[in-house]
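Peer 1: Chain by chain, the residues run as shown.
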Amino acid sequence: MTKWGMVIDLEKCTGCQACTAACAMENSRLPGENWQDVIFFTEGEYPSVQLKWFPRPCMHCENPSCVHVCPTGATYRTSDGVVLIDWDKCIGCKYCMIACPYGVRFYTDEKPLVAPDMRKVFGSNDGHSWSPPWRMPDSREDWKRGIGIQPRGVVSKCTFCYHRVSKASKDTADLDPSDPRQREFTPACVVACPPGARYFGDLGNPESEVSKMIADKNGVRLLDQLGNKPQVYYLTGAGAAVPSNRALKRT
Amino acid sequence: MNSATEPRNFAEVALYLARLWRQEGTLRFLAIALNLGREKSLAGEMWKYGVVIGLLSFAFVAFMLLTEGGAAFNTSSDGINWGLAVSVYIFFALTSSGLTFIASLSMVFGFREYYSIAKRCIWLAIITLGAGFAVLALELGHPFRMLWAMPAGMQYLSPMFWMGVFYLIDLVLLLIKFDRLWHDDWDSPLSHFLSIASFVAVVLASGMLGLVFGSMVMRPMWYGSFTAVYFILTAALSGAATIVLATYMAYGYRHENMPEPLRSMASGKALPKVFATLSGIALFAVVTRLWTGLWSNLDGLEGFHALVRSPAFHVEVWAGLALPFALMIAPALQRRARWQITAGALVLLGMFIDRYQFLVTGQAVPMFKGAWASGLVEYAPSVTEWMMAVLGFAIVFACYGLGEKLFNLAGDPRHRLREGAEPKPAYAETGARAD
Numbered sequence: 000m001t002k003w004g005m006v007i008d009l010e011k012c013t014g015c016q017a018c019t020a021a022c023a024m025e026n027s028r029l030p031g032e033n034w035q036d037v038i039f040f041t042e043g044e045y046p047s048v049q050l051k052w053f054p055r056p057c058m059h060c061e062n063p064s065c066v067h068v069c070p071t072g073a074t075y076r077t078s079d080g081v082v083l084i085d086w087d088k089c090i091g092c093k094y095c096m097i098a099c100p101y102g103v104r105f106y107t108d109e110k111p112l113v114a115p116d117m118r119k120v121f122g123s124n125d126g127h128s129w130s131p132p133w134r135m136p137d138s139r140e141d142w143k144r145g146i147g148i149q150p151r152g153v154v155s156k157c158t159f160c161y162h163r164v165s166k167a168s169k170d171t172a173d174l175d176p177s178d179p180r181q182r183e184f185t186p187a188c189v190v191a192c193p194p195g196a197r198y199f200g201d202l203g204n205p206e207s208e209v210s211k212m213i214a215d216k217n218g219v220r221l222l223d224q225l226g227n228k229p230q231v232y233y234l235t236g237a238g239a240a241v242p243s244n245r246a247l248k249r250t
Numbered sequence: 000m001n002s003a004t005e006p007r008n009f010a011e012v013a014l015y016l017a018r019l020w021r022q023e024g025t026l027r028f029l030a031i032a033l034n035l036g037r038e039k040s041l042a043g044e045m046w047k048y049g050v051v052i053g054l055l056s057f058a059f060v061a062f063m064l065l066t067e068g069g070a071a072f073n074t075s076s077d078g079i080n081w082g083l084a085v086s087v088y089i090f091f092a093l094t095s096s097g098l099t100f101i102a103s104l105s106m107v108f109g110f111r112e113y114y115s116i117a118k119r120c121i122w123l124a125i126i127t128l129g130a131g132f133a134v135l136a137l138e139l140g141h142p143f144r145m146l147w148a149m150p151a152g153m154q155y156l157s158p159m160f161w162m163g164v165f166y167l168i169d170l171v172l173l174l175i176k177f178d179r180l181w182h183d184d185w186d187s188p189l190s191h192f193l194s195i196a197s198f199v200a201v202v203l204a205s206g207m208l209g210l211v212f213g214s215m216v217m218r219p220m221w222y223g224s225f226t227a228v229y230f231i232l233t234a235a236l237s238g239a240a241t242i243v244l245a246t247y248m249a250y251g252y253r254h255e256n257m258p259e260p261l262r263s264m265a266s267g268k269a270l271p272k273v274f275a276t277l278s279g280i281a282l283f284a285v286v287t288r289l290w291t292g293l294w295s296n297l298d299g300l301e302g303f304h305a306l307v308r309s310p311a312f313h314v315e316v317w318a319g320l321a322l323p324f325a326l327m328i329a330p331a332l333q334r335r336a337r338w339q340i341t342a343g344a345l346v347l348l349g350m351f352i353d354r355y356q357f358l359v360t361g362q363a364v365p366m367f368k369g370a371w372a373s374g375l376v377e378y379a380p381s382v383t384e385w386m387m388a389v390l391g392f393a394i395v396f397a398c399y400g401l402g403e404k405l406f407n408l409a410g411d412p413r414h415r416l417r418e419g420a421e422p423k424p425a426y427a428e429t430g431a432r433a434d
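Chains as they are written, first to last, in numbering that gives the first Met the number 0: chain A, 0 to 250; chain B, 0 to 434.
What the hints contain is simulated information worked out from the structure, not anything from laboratory work. Each residue gets a CB set at the ideal place from its N, CA and C atoms; glycine is no exception. Among these hints, one or two may not hold up.
As the list claims (entries may be wrong) - Computed far set for chain A versus chain B, every beta-carbon distance over 10 Å:
1. Tyr45
2. Gly80
3. Asn217
As the list claims (entries may be wrong) - Heads up, incomplete: computed chain B residues facing chain A, CB under 10 Å, no partners named:
4. Gly69
5. Ser75
6. Met145
7. Gly361
Model the full structure from these sequences, guided by the hints.
Peer 2: Here you go:
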């Protein structure tokens with residue numbers, strides 16, 4: 000069985016946020032509602048201060064706490080290892096947001112993260128929370144899988160572009176955007192990444208490039224001690240590192 | 000304030016109201032309904048102000064939710080996800096659980112002196128739980144969807160699912176139990192069974208509410224089985240404070256107005272003993288939790304440092320727990336109505352703050368939110384959130400006034416003996432001062 004996962008090479012990542020923009024365009028995200036975020040933070044103090052960045056999609060955990068806490072089963076894990084939300088079942092209790100250690104979930108009905116409020120600029124009359132002119136085609140929208148523009152009162156998050164990935168051939172080991180036959184099935188952030196820092200493939204297949212990279216280059220997972228077992232791995236090499244923890248300035 | 004006659008069932012209530020409407024005309028009927036009678040009474044005033052304030056606050060909240068939706072709250076995805084409304088729900092749900100614990104003292108554990116407050120406890124438990132559910136429903140994105148999605152989903156791994164199941168069972172049992180007491184059935188096998196089942200359900204419900212937070216290993220300020228115990232213990236305290244205040248309210252804040260078994264309990268050692276024990280335990284629980292939080296270097300516990308710097312936390316600890324504890328162990332003060340009422344009010348204030356602080360500081364350490372949220376998250380409830388809290392209290396006040404008027408909340412299995420011998424008071428400290 001396929002187990003989709005992602006590898007992000009932090010030595011290659013330039014923090015350009017093309018992944019954030021591509022995700023927002025592909026999935027019709029509200030400004031600021033970055034399913035695929037790049038976190039910027041500083042370490043050290045002047046004059047030894049460093050600006051750092053860290054790309055962070057949903058980790059699509061093998062053992063997802065968001066799925067376990069959901070009281071209705073709206074959040075679930077597919078057989079190919081992707082964590083999705085059924086917007087027709089979500090009651091907007093936000094327990095999944097409380098339980099996600101990575102902070103990758105967004106509640107639709109709250110003050111706009113970026114002004115002006117685009118939900119008011121592009122209001123919707125058809126049950127969507129908003130209706131931007133660049134929205135995803137209706138044929139691709141799938142509320143049972145949390146794909147498209149969400150209705151009001153639900154939680155949303157990165158789907159690994161499930162509307163693309165799920166159409167890939169079942170025996171695919173890697174989805175390589177440089178291969179024209181696979182490009183349209185590859186997640187938007189992987190396709191758009193200018194330095195090619197992102198890789199997407201089957202973690203359950205030891206022959207896949209992603210599996211080999213994790214093994215050969217010591218792929219690490221974020222907050223591994225919590226036991227969620229993310230399916231997003233980071234390659235840190237010699238010149239990069241995952242933030243040791245929450246990048247909190249001690250007060 | 001107590002009603003002289005009690006309707007036997009809701010059909011009788013409806014018939015009486017219909018007859019009254021026909022006799023008095025619509026306007027006068029509405030005036031009587033708003034005052035709960037032709038003459039002014041404390042119950043009528045509570046009902047009237049509760050209904051008016053409740054309707055106004057509901058209208059405000061409904062308007063804001065219809066025009067702004069959840070944007071009317073100050074909660075956010077990159078900050079505090081659960082805000083004041085959820086803490087108000089926790090406050091009411093745990094108060095309800097505590098009231099059931101207090102009712103169980105007589106109905107399950109056989110401490111007969113507490114019989115005289117049991118029926119009032121059950122009624123208050125029903126309405127505080129109802130108020131909590133009402134506030135929570137306004138906070139949820141899709142409250143009506145919950146009614147089918149939770150049973151259909153059967154998410155047995157979710158603490159929230161079990162919290163819902165146990166609180167629903169608790170509410171149903173409370174309603175049946177109250178119906179039995181309404182019909183003067185205090186000691187049938189069914190009534191005993193309901194009391195025990197209700198006690199078990201409420202232990203599970205309040206404990207499970209604790210585990211909604213206690214299961215969250217990624218939120219270290221909440222994590223651990225202690226949270227469930229903490230919720231159960233502090234629930235008992237807020238239940239005790241509520242019944243003290245509500246009982247005094249019913250008798251014009253004076254011992255002299257109380258019927259004998261109740262007067263003995265209030266002016267004797269029984270009430271201060273329970274109150275001091277519970278506030279002492281709660282104080283111990285709050286301080287030990289703070290100690291481990293401040294002592295540990297674990298990332299995510301920084302919220303405890305913010306807690307110590309918060310003035311509200313000090314109000315909770317010193318005024319809401321330490322002072323009531325001191326009042327209730329001081330021999331010169333513990334039996335006086337004035338200080339018992341003060342202690343009750345302070346404890347409720349303290350518990351309200353506790354639920355809020357517990358909830359908010361537990362989320363104050365942001366989870367991977369980047370440079371824009373690198374300190375602790377700031378949060379202050381919006382006007383809409385405060386109005387939801389007001390609505391919750393208005394529901395409790397209105398329903399308490401209604402219950403006081405409609406049902407004989409001072410009901411006691413011993414009142415059936417009134418025709419015969421007067422039962423002995425539980426505590427015969429007749430010299431106890433009642434001020």
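Peer 1: Give a verdict on every hint.
Peer 2: Outcome of the hint check:
1. No beta-carbon of chain B comes within 10 Å of the beta-carbon of Tyr45 (chain A); the shortest separation is about 15 Å.
2. At roughly 18 Å, the least C-beta separation between Gly80 (chain A) and chain B is larger than 10 Å, which holds for a residue marked as non-interface.
3. With a minimum CB-CB distance of about 21 Å to chain B, Asn217 (chain A) clears the 10 Å threshold, and the non-interface call stands.
4. The closest approach between the C-beta of Gly69 (chain B) and any C-beta of chain A is roughly 3 Å, which is under the 10 Å cut-off, so the hint is satisfied.
5. Annotation: Ser75 (chain B) was flagged as interfacial toward chain A, and the flag holds, the nearest CB pair being 5 Å apart, inside 10 Å.
6. Interface hint status for Met145 (chain B): upheld, as the beta-carbon distance to the closest one in chain A is roughly 4 Å, under 10 Å.
7. The interface hint given for Gly361 (chain B) holds, since its Cβ lies 9 Å from the closest Cβ of chain A, which is under the 10 Å cut-off.
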